[in-house]
Structure formats: structure tokens, C-alpha cells
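Order-wise, the sequence lines are chains A and B.
My numbering puts the first residue of the first sequence at 1, with every later residue one more than the last.
My numbering puts the first residue of the second sequence at 1001, with every later residue one more than the last.
No wet-lab data here; the hints were simulated from the structure.
No residue lacks a Cβ here, since even glycine has one placed at the ideal position from N, Cα and C.
It is possible that part of the hints are untrue.
Reference excerpt, derived from the structure (chain A facing chain B, CB under 7 Å, subset only) [said to hold, decoys possible]:
id, residue
1, 20
2, 49
3, 81
Quick list of in silico lysine to any residue cross-link-like pairs, SDA-like style, CA-CA up to 25 Å [unchecked claim]:
id, chain 1, residue 1, chain 2, residue 2
4, A, 83, B, 1083
5, B, 1058, A, 454
6, B, 1058, A, 220
7, B, 1058, A, 127
8, A, 337, A, 405
9, B, 1058, A, 123
10, B, 1023, A, 454
11, A, 327, A, 370
12, A, 327, A, 454
13, B, 1058, A, 83
14, A, 31, A, 392
15, A, 337, A, 478
16, A, 25, B, 1015
17, B, 1058, A, 72
18, B, 1023, A, 295
19, A, 446, A, 392
20, A, 446, A, 368
21, B, 1023, A, 399
22, A, 25, B, 1023
Residue-level listing of the chains:
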Amino acid sequence: MQTIATILFLAAGVCFIMGLKLLGKQATARKGNFISAAGMTMAALGTLFSIIAGTEGEFEAGTLVWIFAGMVVGTAIGIPAAKLVKMTAMPEMVALFNGFGGIASLLVGWAELQRHYDAAGAVAAAVEQLNEAVGAAGAHADAAFGVGVSSAISIFLAIFIGGVTFTGSVVAWGKLSGKIPSPPMLYPGQRVINGIMLLGLIACGVWIAVDPSAQAPLYISIILSFILGVAFVIPIGGGDMPVVISLLNSYSGLAACAAGFAVNNVLLIITGALVGASGIILTRIMCLAMNRSLMNVLFSGFGAVESGGGGKGSGEQKEAKILTPDKAYYMLEAAQKVIFVPGYGMAVAQAQHAVKELATLMEANGTEVLFVVHPVAGRMPGHMNVLLAEADVPYEMLVGPEDINPTMESVDVAIVLGANDVVNPLALEEGTPISGMPIVEVQRAKTVFTMKRTLGSGYAGIPNPLFYLDNNYMVLGDAKATLQALIDEYKSDS
Amino acid sequence: MDFLTYAFIFLLSMFLGIELIRKVPAQLHTPLMSGSNAISGISLIGAMMAVSLAGHSKFALFLGGLAVAFAMINVVGGYVVTDRMLAMFKHKG
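Bound-form chain A, shown alone (with noise of 0.2 Å):
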């Protein structure tokens, strides 16, 4: 039985590594996904049957109730969530699913701690029922608590790392679903107030570390890993929360590495670490993207009201021209090569199938079409790829910044999808808080029709000057409804 679960594990461990390394093609993601998932169910059972050999005979049925109770009412909640949840809104969902890992790890090590809590009352109760039969007192049952420095280490880490990884990821995911404010939010002190936490959290740390089996240091972590988990998150705009998610994605890898560390399994640390690890890759990565560092997505506040200098204020003398969709569409007609530039409002609208149509129909009017899209646009870098597969947008008509830069004069109309700050020509000057960050020039086409509900400033809280360019229209509304009207010209013209 337990050769069995062996065999099962290192399988498991294989499955893993080649599902991330086929996840990273286009390919043969699916089948990558696939077979992680295949080595997910692999590790299960042979832990399950490590479980049933390990007890040899004097087994517990209520261990494999539990377990399994626990697995069906995980299922019955996952898959539902997985399978109802709007395209638009996965990015949260993901967010919230690795809040729930963490807090897994949290509890793994809360539950090893518990243990040996009570198994130490029990022996502490029967020791002074001996020393009652017998007589004597003295005798002491101190030596009886089984957790060694390095467990109790690594206990500590996964309830730390677990519990900032939890309500983190809760934060991320009220930002993304709107139901907490997603600008940043900034308060006097914030960074002392958080350093003082983590320090008493590190003092909480070596606490266990010295004396596993006082119980006071453990409550004191959960309660502030918690605190300090919506704290880190708390000041990150909605903006950055992609760069926020795989960074949490990250940390609860390392936080099932640490509860490996704590039950004495070498697949959770190889597995934890390989998360850990392509977590803080694909971060960093992200960040590459925005031309930012990590340090200055998680601690400048970014789009805060008080940092944002710059161009503020600067073009509202102009008047932004408005553009109605009938005067639009004939731009249009005319157009030789015309660019979509998608962001988040796009999504909100749930605009992706109006515009592959849109585009479809401009295609058959003899109209060059491509949609550019930015590494960060939408709420996760990759959220417009996947709204885009979804309405079959082929991935020809796919390009990237960098492809459509440097022709952008050639551009007869570029058309601004509810994207509005990887277009914000801030991003060029010097001193705005997202100067640096690549966007997509579009305000150097020939027009520019800017699809976006109201005037208002971007995800990140800056204003964009982009509006009130002498090439820009503004077609207001929502962008649905203005592709259908697109659409509805086109099709009454042919």
C-alpha cells in the first residue's frame, strides 16, 4: 500500500511539472491543464492510501468521513462557482480560489499545532492522575510536546503566509468585483503600521519557534497575517491587482511548500515550490510589462489621488469632441486600416461577440482590421486573449504593442474599446505616475474613436489627455450598444 502511494506521488509529481511546462504553449495548454489535474487526483489517492497503510488496522472511519466530507462539499462549491462564473468576472473568481488555498494552509497548520495541544493536555491530565494515585508531585510533562524548532518553523510559515495569502486574495477579489473601492487606499503611517505587524508577527514567529506549545503566539499570527493580508492589499489600486493575484498566487504556493515542511511531505514542498516559483516569474514578468518594478506596484499607491501630479488639470480647457455612431460609421467606410484597442470596458459590456462582428463586416467592406492588445489591459494580463477567443476572433488578427507602434501613422481610424490607460499618452511624458509603462500609441493615428461611457479618468485614477486631442472622438455610451449601431449601419448599407 504504501509502495503504492509512493509510485502515485512521484507520478503526481511528473504530471505537475509537465502540465506548467505544456501550459505554456498555446497548443497544448488544454492537455497540460489536463494532466496537472490528472496529477492532482493521483496525489489524492495516494495520500489516501498512505493514510489507510499508515494506521495499520487500528484505522479510524472517522478520519476518511471527514476527509471525504470535506472533499464533496469542496466539489459541490468549486465546480458550480467554476462553471457559473461569467468569463468577465474570472478574474476574481481566480483571486478567490486562491484566497481558499491559502487558507487551507493556514488550517493544515493550525490543525498540526491543535494536536499536539491536546495530545499534551491529555498526557499533562494523566500525568497528574499518576501523581495523585502515587503521591508525589513534581514530576512534569513539559517534555512531552512533539514539535521540533524546524516543524514549528515551517507551522508558523504556513499559517503566516497562509492567512496574509487569504484575506489578500478576498481584498483583490472585493476590488475586482467592485464591492470594495478599487482606488488605492492610502492612510498616515501605513507603512510603520505594517512594518510593526510584521515584526510582531516575526516575534509571534520565534515564539513558536522556542515554545511550540504555548497556544497564545498562534492566535496572535492568524489574527494578524489577517490584518496584515488586507493591509498589503488594501493600498494596491484596482489597476495593479493582476500583478497582485500572481503574487498571491505565489505566496500560497510557498504556503503549501511550508505546511509541507510542517507534515513532513515532500510532494507539497516540490509541488508548493514549483508555484511558488512560476508565480513570482510570471509577476515579475507582468511588471516587465507596465515597465514598473515590483517594489513600485506594491508600495507606491499608484493613481493615488495624492500622487497625481503631473499633466492633472493640464486639458480641461479643451472640449472633447463627440462623435454620434451614425457620423462614426461613415469614417469607418471609408477606412483602408482600422485598429481595436480593447481594455476592460470591453468586458464589462460583454462586447467581445458585437465587435468580431463588427469586424467581420468592416473585413467584407474591404477594411484591413486588427486588434491590439495590450499585456496589461483588463483586469489580468491575458483577460482580453481570452474574451476575444470566446467571440472567435482569429489569432491572425491578434498583435501587440510593439507590432502596431511603429506604423501607427498608417492607421486610418484606431478604435479605443474601453481601454483608457494603456492608451494615456501620459505614459510618454516624464513625472506622471504611469510614465514608462508601454502603451499603444494611438494618438498618433489618423483618428481616433474612443468608445468609453463617460469622460471620466481610467482604472488607475489618472486623466487622460487623449480625449481632447484634435484626432480623438469621443463616442459616447455604452459600447455594446454602439457596435450594434455600427453594425446596424453597416448592414443597412450593403
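We have chain A; now place chain B onto it with these hints.
Below, chain B alone, put in the same frame as chain A:
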């Protein structure tokens, strides 16, 4: 195995993870994040072990069971949502 062996395995796995993800096209970032998020639900097996180790501590048993449930949401939900995303990429024109 002792702590140092575990630490050794941990470090090697970190390097492996970095190598695996190094070159990934931007459109796959979301599925990859979601997929690796599902893998991080591996804390499921830690949770199962926590239940089995709980022994006579009823409270530890409860905590372990709760951990199994949370980890299971992470695992099952994570894989299903990733597959949904990737399925959309599949039928491109």
C-alpha cells in the same frame, strides 16, 4: 528525511519552476496563472494528512476537514475554470 534534505528539494524545485515558466506568450498568462493556482490547491493533501494525524483531538479533526473543503474548492474550481478558458482558445478560426 531531515530538514536539510527537504530544504534541498525545495530549492531545486524553485529553480525548476522558474525554468518552466520563463518563456510564455502573453495570451497564456491568465490560463497559466489560473492553472498554477489550481496546482497550489495541493495543500489538499496536506489537509488530508492533517485530518489523519489529528488523532484524538476533535478540534484538530474539524480544522483538517475544513482545510480539505477549502483546498478542494481551490483544486476543483481552479481546474474547471482553467479548462473553460483554454477551451475557448481551442476553436479559433
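Exercise. Hint by hint, work out which the structure violates, then give me just those numbers in ascending order.
Key: 2, 5, 10, 13 and 19
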